[in-house]
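Order-wise, the sequence lines are chains A, B and C.
Per our numbering, the very first residue in the first sequence carries number 423; after that it's consecutive.
Per our numbering, the very first residue in the second sequence carries number 610; after that it's consecutive.
Per our numbering, the very first residue in the third sequence carries number 9; after that it's consecutive.
Hints may be right or wrong, so weigh each one.
What the hints assert, rightly or not - Simulated restraints on C-beta separations: (1) Ile902(B) - Ser229(C): 34 to 40 Å; (2) Gly711(B) - Gly170(C): 31 to 37 Å; (3) Met48(C) - Thr841(B): 28 to 34 Å; (4) Arg741(B) - Gly170(C): 38 to 44 Å; (5) Ser696(B) - Phe60(C): 50 to 56 Å; (6) Pro562(A) - Arg741(B): 46 to 52 Å; (7) Gly626(A) - Ser822(B): 24 to 30 Å; (8) Ser822(B) - Met48(C): 40 to 46 Å; (9) Leu497(A) - Leu618(B): 55 to 61 Å; (10) Thr720(A) - Thr825(B): 48 to 54 Å; (11) Glu452(A) - Leu306(C): 47 to 53 Å; (12) Thr720(A) - Arg741(B): 43 to 49 Å; (13) Gly170(C) - Ile653(B): 46 to 52 Å; (14) Ile213(C) - Asp486(A): 56 to 62 Å.
As the list claims (entries may be wrong) - DSSO-like mimics (lysine-lysine), calculated; alpha carbons at most 30 Å apart, straight line: (15) Lys549(A) - Lys833(B); (16) Lys643(B) - Lys595(A); (17) Lys829(B) - Lys498(A); (18) Lys833(B) - Lys551(A); (19) Lys71(C) - Lys260(C); (20) Lys551(A) - Lys829(B).
Hints in this document: simulated from the structure, not taken from any laboratory.
Just so you know, even glycine gets a beta-carbon here, dropped at the ideal spot from N, CA and C.
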Amino acid sequence: MLLEVKNLRVQFDTLMGLSSPVDGISFSLEKGETLGIVGESGCGKSMSASAILRLVPPPGRIVDGEVLLDGTDLLKASAANMRQVRGHYMSMVLQDPVASLNPVFPIGNQVAEAVTVSQRLRRRSLKEKVIELLQRVRIPSAENRIYEYPHQMSGGMRQRVAGAISFASNDLKVLIADEPTTALDVTVQAQYLDLLKELQADVGFGLIFISHDIGAVAELCDKVSVMYAGKIVETGPTRTIINHPRHPYTKALLDCLPRLNEVKRLEPIGGEPPNPFAFPPGCRFAPRCPRATELCHTQYPDFVQIDENHDAACWYANES
Amino acid sequence: MGNFILGRLLQAVLTLFVVSLFIFLLVRLTGDPKQVLLPIEASIEQYAQLEKALGLDDPLPEQYVRWVGKMLVGDFGTSSSRQIAVSQLLRERFPNTLMLAGSGFFLAIAVGLPLGVLSAAHRGRGTDVSARVFAILGQSMPSFWLGIMLLMLFPVRLGVLPAGGKSGWTSIILPAVTLGWFSTASLLRLTRSTMMETLSSDYVKLARIKGLSERTVIWKHAFKNAALPVLTLASLLLFGLITGTIIAETVFAWPGMGSLVLSAVVNRDFVVVQALVIVISAMYIFGNLTVDILYAFLNPRIRYG
Amino acid sequence: MAEIAAPRGADWVEPPAGSPAVPSRRWWLRRPPIIPTLPMIMIGIIFFAAIFASVIAPFSPTKNHLFDSFTAPWGWEGGSSTYILGTDFLGRDIFSRIIHGARISLTIAGLVILIGASVGTLVGIVAGYFGGLLDSILMRIADLVLGIPLILVAIVLVTVTGASVGNIIFIVSAFVWPRYARIIRSETLSLREQDFVMLARVAGISSRRIMLRHILPNVVSTLIVLCTLQVGQVVLLESALSFLGVGIPPPKPSWGIMVADGRTNLTSGWWISLTPGLAIVVLVVSFNLVGDWLRDRLDPRLQRY
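Produce the entire structure from the sequences given, and follow the hints as far as they go.
Structure, rendered in C-alpha cells:
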C-alpha cells in the first residue's frame, strides 16, 4: 500500500466553538491509482488534502489518526522530515492558479526553488531542468517565459506553472489535486485533465483528485470516496458508485447531474449542509434525507459492506 | 515608469508651491506684513528698510517670485531675535534633526518590522499577545507625554541619561525613543496584519508544499509580499517623524530645526518660522516622493504594468 | 410519504453523552467579551464626565488656589482629599481640569470629524460617481492636502493669527477630509458598477437622488468605522498641537496644555503631567479598540486604515 489514511481528524478551536471539518476519515491509495474525493464545498475535502501534507492552517490541528506513506506515519515525523517528504515524495496542486504563484518573483525562480529542494543542480542544468519542467506541462516557448511574472500570464498558463512546481521532484509518489480545474474555462479544463493523466502514466504516482465535478471524477478516477460533513459516507470503484450508489447522499449528488442520454428533471438536494459547529448526533445527512428514520437521527451508522470494495455508511444501505 | 515618476515629481513641486503660496499669502493678506515680519520693538528705520527690501508696493506675483527666488539661492533673510542669517542657523541645526529623525526611523524599522513578522508567525502565542498590547498602547500614547514620563523616570528619578541638550551619544537615546515609539507601534501593527494575510495565501501554501524551510517561507515568500503594503505606511511614518521631531526636540531641548521653529514662534521671529516651515515641508514632500518611487520600483505589477 | 420522518430543524439542544463535545453556547453562560465591553464603558464614562462636567467637577477648572499650589494627589505625602489628583503650579484642581478637558477634547474631535467626514464623503461620492476629469481634479487636491505637513501649517497660522479654537478646528479638519474622500471614493467606484445603481440609472433617476438614496446608505458602515477610528487620531493631534502651544489657547483646560504645564515642574510636581496624559491614553485606546472591533464586524476590507 502506497498511502494509507486512517481515522484522520482535524479540529478547529475558534471563538465560535470547536469544529471538526475532517472527522475521522480513512482511505488508501495504490501506486499509479487514482482516488477521487467528491462532495459539496465545505464538506472537508480540501481540508483533508491539507491535513495529509500536514498543512492545516491555524487555529486548526490534526488531533487524531495516521497518515502512512509506504508504512511510515507522517503525523509522527519531525518538521524537517516532513519538509523532505513534501519536497520529494508528496505534492499538491492548488485550486486557484492566480493565487498560488507568488506575485513578486518571476515564475522561473519559483519553479527552480521547487527543484532545488529535491535535487542539487548547477546553475546551467538547473535552468535546463526548469525549462524542461515547463515544457512538460506544455508551456510554449518556455525558455523565454521563465523571466515573466505571474500577472503577465493567463490563468491556464499559471495553472500549468503551478503544476510544474508540483511535479518538480524526480521521485514523486503521491500527488493531490485540489479542485485543479474549478477556476479554468471549460475548454482548458479538458486539456488540463489530459495532461494530468499523461503525467501520471509517465511517472506512475498515486493521484488523489478532489472535486465536486462528478463528470471529471468519472473520467479520471479508479475509485471514489464521497464526503459529507467531515465524514466519508460511501466509497467504491468509480463505475459502481456512479451506476449503483447506495448512500442517499451519493444518489442525491448524482441526481443533480445532467445526463446526455436521458431526459430527466434535475433534482436539487433540499436543505443545507449542517453547521460545522453543531453536527447532528446521528447520521449527518439525516436532516436532508428523504428516507431518514428515528434511528438515523439518533445514531451514526457504521460502514456497511456491499461488495468487496464497496462500502456505504447508511442504516439502509442494503435495502436498495 | 518614466511617466509615473514625472507625474509624481510634478505633484511634489505643486505641493511645495501651494505650501509656499499659503505662507506668502497668509502674511500679505492678514494685515501688515511688516508687523508680522518685524519684532514689536523694531525701529522706524527697520520698518523702512524692510519695506524697501520686500518691495511691498509691487504687485503680489512679482513679490512672490522675488521671495521664492531668494530662497532658491539660499537666502532666507535674517533672524530678528538672533541677528544672524537664517541660512547659518539652518546649517547648524539641520544635521542634528537629521540625526534624530534617522535614529527614530532606524528604531522603528529595527524593532517594529521583525516584531510584526514574529507576531504574525507565532499568532495567538505569548510573543504575539505582548506585541499587540505594545502596538495598541504605542499608537494611543501621545509622544509628548511619553517623552515627559521618560524624562521624569530616567534623569529626574534614577539620575541616568542626560535630561536634555546634545552632549555625547547618550543624549540621543531618550529623544529617539520618544520619536520612534509611535512609528514602531504602527509599523508593527501593519506588518502583522499584512503578514497574516500573506501567510494564509495560496502561494505561501504552495511554497510549503515545495518543502521549503519555514524561514524561507516566512522571510522570502510571505515577507516580500507583505513589505509592499508596509511601504505605503512609510509616508505615514514620515508624517509621524516630522511631527515627532518637533515634539521630541521641544521636550528634550534637542538643538534641531523643530525646537528652533517653536522658539521662533514664541519670539515671534517670523522670518525663521517661514524659512523652517518651507525647508521641513520640502523634506517631507520629497521624502514622500522617494517612498512612492521606491514602491513603484519594487512592485513588478507597476514596473512592467 | 407519511411514514418518512420530516427532516428536523435545529432542535438538537443537547448532544447525547459520548458524542464529540460541543461547548455550550448559551449566552448567559458566556462571559461578555472584554473587547468591546470595557472600552465602551470607558467611552461612556468619559462622555458622561464631559456632558456633566460642571456638575461633577468639584472646582472651576480655571480657578487658582495659590496657597494650595503643588498639592500632591490624595494618598501621597502632602496630598489631601480636597484635591483628589492634586493641584498644579497655580493651585488649580487637576481632577476638575481633566473633566473639563474631556469636554474640550470631545467637542473638538466631534466638530472636526463632522466637518471632515461631511466634506470628505461629499467629495468622495461625487468623484467616484462622476469619474473622469472631475474625479482626477478632486483626488489630486486630496493627495496634495495629504502631502502638506499639517503641524507646520498650524505653526504658521498661529504665528500670524494667534491661537484660537477656530484655527485648530479648521486645520485638523483640513487634514482629515482627504482620508474620507479617498476611501469613500473607492467604495463608490465599486457601488457604481452594481446592478441596483445601474437599474436606477436606466430608470432615469437623477444623479443626485442616486447618490443620496442608493450610494450614501451603502457607505454608512464604512463611515461609522472610519469616524470611530479617527476620534483617537484627532484627539492625539489636537493635544499635540496644544502641547506645542499652537492649539487651544490657555487657560482653557486642554489635556495637551496640562501635560505641558507639568513639564516645567518635573521635580516639584510629577503628578501634573501624569494624569492628563493617562486620560488621553485611556480615551484614545478605548476609541481605537472599539473602532478596530467595529471594522472587523462591519467592514473587514478597511484593514489598512
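Evaluation of the provided hints:
Checking the proposed 34 to 40 Å range against isoleucine 902(B) and serine 229(C) shows it holds: the Cβ atoms sit about 35 Å from each other. Distance hint for glycine 711(B) and glycine 170(C): a CB-CB separation of about 35 Å, consistent with the stated range 31 to 37 Å. Look at methionine 48(C) against threonine 841(B): about 31 Å separates their beta carbons, and that is inside 28 to 34 Å. Between arginine 741(B) and glycine 170(C) the beta carbon distance is about 42 Å. The supplied range of 38 to 44 Å therefore holds.
Taking the beta carbon of each, serine 696(B) and phenylalanine 60(C) are about 55 Å apart, inside 50 to 56 Å as hinted. The supplied range of 46 to 52 Å is met by proline 562(A) and arginine 741(B), whose beta-carbon atoms lie about 49 Å from each other. Range check, glycine 626(A) to serine 822(B): Cβ separation about 29 Å, and the 24 to 30 Å hint holds. The given range of 40 to 46 Å is respected by serine 822(B) and methionine 48(C), whose C-beta atoms sit roughly 44 Å from each other.
For leucine 497(A) and leucine 618(B), the Cβ-Cβ distance of about 58 Å falls inside the hinted range of 55 to 61 Å, so the restraint holds. At roughly 51 Å, the beta carbons of threonine 720(A) and threonine 825(B) sit within the given window of 48 to 54 Å. In this structure, glutamate 452(A) and leucine 306(C) meet the distance hint of 47 to 53 Å, their C-beta atoms being roughly 52 Å apart. Judged by the Cβ atoms, the range 43 to 49 Å given for threonine 720(A) and arginine 741(B) holds: they are separated by roughly 45 Å.
The supplied range of 46 to 52 Å is broken by glycine 170(C) and isoleucine 653(B), whose beta-carbon atoms lie about 25 Å from each other. Look at isoleucine 213(C) against aspartate 486(A): about 59 Å separates their beta carbons, and that is inside 56 to 62 Å. At roughly 23 Å between alpha-carbon atoms, lysine 549(A) and lysine 833(B) fall within 30 Å of each other, so this suggested pair holds. With a C-alpha separation of about 86 Å, the suggested pair lysine 643(B) and lysine 595(A) falls outside the 30 Å cut-off, and the hint is violated.
Taking the CA atoms of lysine 829(B) and lysine 498(A), the gap is near 28 Å; set against the 30 Å cutoff, the hint holds. Proposed proximity of lysine 833(B) and lysine 551(A) is supported: the alpha carbons are some 26 Å apart, at most 30 Å. Only pairs whose Cα atoms come within 30 Å are accepted, and lysine 71(C) paired with lysine 260(C) is accepted, the gap being roughly 11 Å. The suggested pairing of lysine 551(A) with lysine 829(B) holds, with an alpha-carbon distance near 22 Å, which does not exceed 30 Å.
The structure does not agree with the numbered hints 13 and 16 stated previously, though it agrees with the rest.
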